[in-house]
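Student: Keeping their order, the protein sequence lines are chains A, B and C. For the first sequence, position 186 (counting from the first letter as 1) is numbered 186 according to my numbering, and the numbering increases by one without interruption. One rule links them: number in my numbering = place in the second sequence (from 1) + 1000. One rule links them: number in my numbering = place in the third sequence (from 1) + 2000.
Read the hints as simulated data drawn from the structure, not as lab findings. Note that the Cβ used here is the ideal one computed from N, Cα and C, for glycine as well. Take these hints with a grain of salt, some might be off.
[Said to hold, decoys possible] Below 20 Å or equal to it, Euclidean Cα-Cα: the simulated EDC-like pairs (lysine to aspartate or glutamate) are: (1) C:K2247 / C:D2277; (2) C:K2105 / B:E1229; (3) C:K2247 / C:D2235; (4) C:K2154 / B:D1223; (5) B:K1240 / C:D2235; (6) C:K2105 / C:E2083; (7) B:K1236 / C:D2218; (8) C:K2247 / C:E2040; (9) B:K1236 / C:E2083.
[Stated by the list, open to error] Quick list of the computed label-pair ranges, beta carbon to beta carbon: (10) B:V1119 / C:A2030: 52 to 62 Å; (11) A:E76 / B:R1129: 27 to 37 Å; (12) A:S202 / C:A2071: 28 to 38 Å; (13) B:P1234 / C:S2177: 54 to 64 Å; (14) B:E1221 / C:S2211: 48 to 58 Å.
[To be verified] Covered by chain C, per the in silico footprint, the following chain B stretches (three or more residues, Cβ under 8 Å): (15) 1204-1214; (16) 1233-1240; (17) 1244-1256.
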Amino acid sequence: MSVPGRMSVSTATKDVAADVAVALPAPVEERPASGLRETLYFAARNKKLVFGLAVTLSMLAIAIVGPYIARHPPLEYGGQLSVPPTTRDGYWLGTTLLGQDVFAQFVTGVRMAFVVGALGGGIAAIIGMVVGFTAGYRGGIVDELLNMVTNVVLVIPTFALLLVIAAYLQVRGIMTEAIFIGLTSWPWAARAVRAQTFSLTSRDFVSLARLSGESSWKIIFKEIAPNMSSYLFMMFILLFGGAILIAATLDFIGLGPSNTISLGMMMQLSVQNAALQLHLWWWFLPPGLAIMLIVGSLYVMNVGLDEVFNPRLRSM
Amino acid sequence: MLRYLLRKLLIYALTFVVAVTIDWSIPHLMPGNPVLTLMGRIQIQDPRVAQHVYASYMRSFNLDLPLWKQYYYFWVSLLHGDLGTSILQFPAPVSSIILHAVPYTLGLLIPATLLSWYVGNKLGALAARRKVLDNTLLPFGYLLTATPYMWLAILMSFVFAVTLQWLPVGFAYDPTAGRGWSLAFGYDLFRHWLLPFLSLFLVACGGWAIGMRNLIIYELESDYAHYLESLGAPRKLVRKYAFRNALLPQITGLALALGAVIAGALVTEIVFSYPGLGYQIYRAITNEDYFVIQGIFLFIIVGVLIANFVVDIVYMIVDPRTRIGMQEGGQA
Amino acid sequence: MGLEVDDLRVFYRTLRGDVQAVDGVTFGVADGEIMGLAGESGCGKSSLGNSLVYLTGRMRYVGGGVKLDGAALPIWDFEAMNEYRYREISVIPQYAMSALNPTRKIGRMTSELLHSRGVAYKSVVNELLRRFELVGLSEDVLAMYPIELSGGMKQRTVMVISTLLDPSLLIADEITSALDVSSQRAVAELLVEFRDRGFVKSTIVITHDISVLYQVADTILVMYAGHLAEKAPADVIINSPCHPYTKLLISSLPEIGVRYSEKQLVGIPGTPPALLDPPQGCRFKDRCPLASAKCNRRPPFVDFDSGHQVACWEVAA
Chain A
1 MSVPGRMSVS TATKDVAADV AVALPAPVEE RPASGLRETL YFAARNKKLV
51 FGLAVTLSML AIAIVGPYIA RHPPLEYGGQ LSVPPTTRDG YWLGTTLLGQ
101 DVFAQFVTGV RMAFVVGALG GGIAAIIGMV VGFTAGYRGG IVDELLNMVT
151 NVVLVIPTFA LLLVIAAYLQ VRGIMTEAIF IGLTSWPWAA RAVRAQTFSL
201 TSRDFVSLAR LSGESSWKII FKEIAPNMSS YLFMMFILLF GGAILIAATL
251 DFIGLGPSNT ISLGMMMQLS VQNAALQLHL WWWFLPPGLA IMLIVGSLYV
301 MNVGLDEVFN PRLRSM
Chain B
1001 MLRYLLRKLL IYALTFVVAV TIDWSIPHLM PGNPVLTLMG RIQIQDPRVA
1051 QHVYASYMRS FNLDLPLWKQ YYYFWVSLLH GDLGTSILQF PAPVSSIILH
1101 AVPYTLGLLI PATLLSWYVG NKLGALAARR KVLDNTLLPF GYLLTATPYM
1151 WLAILMSFVF AVTLQWLPVG FAYDPTAGRG WSLAFGYDLF RHWLLPFLSL
1201 FLVACGGWAI GMRNLIIYEL ESDYAHYLES LGAPRKLVRK YAFRNALLPQ
1251 ITGLALALGA VIAGALVTEI VFSYPGLGYQ IYRAITNEDY FVIQGIFLFI
1301 IVGVLIANFV VDIVYMIVDP RTRIGMQEGG QA
Chain C
2001 MGLEVDDLRV FYRTLRGDVQ AVDGVTFGVA DGEIMGLAGE SGCGKSSLGN
2051 SLVYLTGRMR YVGGGVKLDG AALPIWDFEA MNEYRYREIS VIPQYAMSAL
2101 NPTRKIGRMT SELLHSRGVA YKSVVNELLR RFELVGLSED VLAMYPIELS
2151 GGMKQRTVMV ISTLLDPSLL IADEITSALD VSSQRAVAEL LVEFRDRGFV
2201 KSTIVITHDI SVLYQVADTI LVMYAGHLAE KAPADVIINS PCHPYTKLLI
2251 SSLPEIGVRY SEKQLVGIPG TPPALLDPPQ GCRFKDRCPL ASAKCNRRPP
2301 FVDFDSGHQV ACWEVAA
């Protein structure tokens, strides 16, 4: 699958690929008869999935527990200036140029990353699914219209748009940022969902449901979505990772939340305060590393999931 | 064929109108008087400068006119190339700030995008060929594509510029040396350009490599590949066809990825104080220089739309299926 | 000369075990013979046909020998088989409609293919055009992309390309399945035409549609669940089959002109066995009206009459 804005990450579907030109997981096949146990068997054996999940969960643990074990509030100017990582006073990652606790900032930032990823990715996923299902299921004029909307939002460099919007808003919270990201990352998800819905709608079990008089949304929820559940889950993971990256970029430019600290903001502040020239590596290395680990493990996990859900891809 | 292009043009025109409208409407949607809000945020010491700024805001917002007329005049000034005046760099017009910054940004963007696309695709194809390469390249590729642009820029700057001191830390050229068109100046420019270019290039490469590798694996499983193999065609021929066919979605991907690469270029410029659009945007945001932000936004939009259109044309030339009039839009 | 297959076994490796798709198959196809290979879906006929050319990912050669024109074919060795592919053995695949690279013009693809096999395009292009004309394709086809051709045209293009180097053995895999009835007839007759003109020596026509075989095949080989059931000249199979499976198969075919009220269609009750862990002995015994205790031993595929072989305890010996 592709990440909103980033390039292809997983296996491709031909038809969608030609039009959307981003790689998506292999096309949905009917659910395997063997079900949960077989899936879990393959899941446990897939190195990518296991490894990716392990790293992600570790970072999540840091996000949850970290802020509680940090000794100082992240924005407090309490400590000595520019101290390298030390065991004294709990400044395990040292302090910034202004005497703030890098460790506290770091764990808060990781927590913010997960929040933004979940919220931003979640919103984008929901909008993408609504638009995609409707367009794919209804077809016709509804599809044309939604397609046009999707194309327009897709082409707008959302980053630039967020620049203007966020620049004008004086007070910004993490929620606002997540909502922005969600509202602008949905197009490629909508396209992917639409393509899959098209192919599933033409299948017999949907025609059967239609004939028996089921309402559209019921059909979508009961027949189509469950067959796509693995696909949708993987899509959400990619949106999650993408949201984290977009948020980091926004934060770095100075459009981050004004009431807290995030990983992108840590990097921004460090560059602004010449941390590079002053060799304060403990300030700017951890935040980017954290992002790379979280997003990277999500991507790797995703590829593993793809292999588990799509037997075609499993190598013997 | 023509219908395909016209349809795309329509979408781009529509997109442009939507973007401009959003841009125009934001200040008006916020509570309060937009001019007062903006004036309230900036700190101008010199009262004469403040007067000028206030006047230029009033001129541009036309608050005494009805709403639709304000919108209309916004378009008029836009089409005349008047994007307002910068506050930070008063009295420089926004358009001239942009024009001075653009060459540097394009100088990073275009080579980085094209080269990373080319190299990334080749690497991805290579990885799809050999299992050994695949096992080493693939995780590396995923890590690269998960790396935030600014962080790699920071890393590269820290390692190569600050610590090893092989390359300069920032700016486009050495301000103390003379600026003329000489070989020395060219070399100086190159040295300053190298690190920002490399960091952009590397991250983008990762994404293309992974995408290509997956697409090629998919192509190698296709019917035409099997047919050729059953007729004894050498692997080289099958791979050649697979590569050509896998490139097609990558071409369209180029347009889609553009937004991300632009964002990447902007933050890279910030890290290296490279005087392109990113650098200007950063200063504008830090100093609440609203018109500059707005102007750069509009400029980026136009650039992206043009780039998209170019990619559409290229794709159409390269893919016979579009030329022969495949169904557009409703295509799954 | 021609093709000789001796006790060939080809299985599919899966996580749950081996699927015994082709399990001890022995037969021959003479020069100039068109042999139909018939059976239900999943009986192994496509696997058999394909194993002679190209072992796909999961297929594993387990045992047996294959000889073409006296020379042993190393079907287990992908690289070594390349010598024979296209020149001695060729295939018209089941997926002929999508077998052509969508982004290459037909002419260019063909010339690149030939070039890669060491054949100069110029030396065969005239023959190529002659054959196009024979099958009813204009020479403009060479300058077209596959998307510009209809399904039938693509089918015929693939037929010509596959037989261009006059292979000794041609394997035609379900070439009529995706076509309408009149196209089916045209395509089937083309196979005969190719044989009569000497483009191919022996042909194996794989299909589940016996009526097509009746039109074009000299002999018919009936396969069931990975084993051979019966082989005989076409009219013998259709009119006087011996193996119980063949009998039931033929009698389940609807006859033209017969009404349902006069004669009901009779199917064969039951389903074919799973090939993952097939039953011992004759694989048809669970559905066979003549089954008895001796069917727990696998019946050998032996001569019943001249040119007629059957694998059934009740019929032979």
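Student: Does each hint hold? Answer for all of them.
Tutor: These are the hints, each one checked on the structure:
| no. | hint | verdict |
| --- | --- | --- |
| 1 | C:K2247 / C:D2277 | violated, 26 Å |
| 2 | C:K2105 / B:E1229 | holds, 19 Å |
| 3 | C:K2247 / C:D2235 | holds, 13 Å |
| 4 | C:K2154 / B:D1223 | holds, 13 Å |
| 5 | B:K1240 / C:D2235 | violated, 48 Å |
| 6 | C:K2105 / C:E2083 | violated, 26 Å |
| 7 | B:K1236 / C:D2218 | violated, 39 Å |
| 8 | C:K2247 / C:E2040 | holds, 14 Å |
| 9 | B:K1236 / C:E2083 | holds, 16 Å |
| 10 | B:V1119 / C:A2030: 52 to 62 Å | holds, 56 Å |
| 11 | A:E76 / B:R1129: 27 to 37 Å | violated, 55 Å |
| 12 | A:S202 / C:A2071: 28 to 38 Å | violated, 48 Å |
| 13 | B:P1234 / C:S2177: 54 to 64 Å | violated, 30 Å |
| 14 | B:E1221 / C:S2211: 48 to 58 Å | violated, 34 Å |
| 15 | 1204-1214 | violated (count 0) |
| 16 | 1233-1240 | holds (count 4) |
| 17 | 1244-1256 | holds (count 3) |
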